[in-house]
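Could you put the whole structure together from the sequences, leaning on the hints where they help?
Below, each chain spelled out in residue letters.
Protein chains: 2
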Amino acid sequence: MKEILKVSAKSDPKAVAVATASVVRQCGEVELQAIGAGAVNQAVKSVAIARSYLISSGIELMLKPSFLDVELSEGTRTMIRMLAVGVAE
Amino acid sequence: MKEILKVSAKSDPKAVAVATASVVRQCGEVELQAIGAGAVNQAVKSVAIARSYLISSGIELMLKPSFLDVELSEGTRTMIRMLAVGVAE
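Those sequence lines, one after another, are chains E and Y. Take the first sequence: its position 59, counted from the start at 1, is 132 in our numbering, and no numbers get skipped. Take the second sequence: its position 54, counted from the start at 1, is 127 in our numbering, and no numbers get skipped.
If you're looking for bench data, these hints aren't it; they were derived computationally from the structure. As the structure is a prediction and not an experimental result, all values here were calculated from the model. You may find that some hints are simply not true.
Repeated chains share a single entry, so a pair holds when one copy, or any two copies, can fit it.
[Claimed, not checked] In silico DSSO-like pairs for lysine-lysine, Cα to Cα no more than 30 Å straight-line:
1) 79 - 137
2) 75 - 137
3) 87 - 137
4) 83 - 137
Given below as structure tokens:
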């Protein structure tokens with residue numbers, strides 16, 4: 074099953090980067106989910122940091138972003154899903 | 074020379090997606106540059122849309138985000154660079 078990391082505007086990019094790199098090392102990929110500009114920004118920063126962690130292990134991290142409409146208590150929101158895939162260099 | 078698209082918080086993601094897909098079809102890759110959460114969000118949305126355009130041509134679009142410190146009139150800001158690379162499926 075695909076691991077999912079939910080990222081918010083208040084998430085610490087370094088902490089998310091550590092988790093991202095750890096799951097990618099184990100499973101090859103991880104999905105980051107973010108709703109709103111602040112959360113998407115933190116998720117992208119996390120992946121930029123995780124890339125620097127993984128590159129020293131010969132793993133190139135690539136992102137595949139896509140949309141998903143989700144139903145929340147405040148109505149329908151569009152979530153950005155970013156599948157982070159580790160590729161051996 | 075690598076083509077660069079500068080994305081702002083006010084950029085129209087569909088227009089940026091059309092430009093992204095066009096450059097990737099011609100050159101194989103394009104760099105999206107964004108400063109600030111709003112701009113990063115628009116850039117990621119643009120790539121998610123461009124992915125849907127390119128997938129029908131058998132091109133998988135992947136993002137490689139990284140940081141770059143830039144000197145602006147208001148001081149040093151951290152730019153997010155996202156290299157969007159088209160990979161034949």
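Q | Alpha-carbon proximity between residue 79 and residue 137, which holds within one copy, between copies, both or neither at 30 Å | A | So residue 79 and residue 137 pass the 30 Å test inside a copy (16 Å) and across (20 Å) alike.
Checking residue 75 and residue 137: alpha-carbon separation at most 30 Å within a copy, between copies, both or neither?
both (14 Å within a copy, 21 Å between copies)
Practice problem: Measure nothing new, just compare the shortest in-copy and cross-copy C-alpha distances for residue 87 and residue 137 to 30 Å and report within, between, both or neither. | Solution: both (20 Å within a copy, 17 Å between copies)
Q.
Treating 30 Å as the Cα threshold, decide for residue 83 and residue 137: within, between, both or neither.
A. both (23 Å within a copy, 23 Å between copies)
The structure meets every hint from the earlier list without exception.
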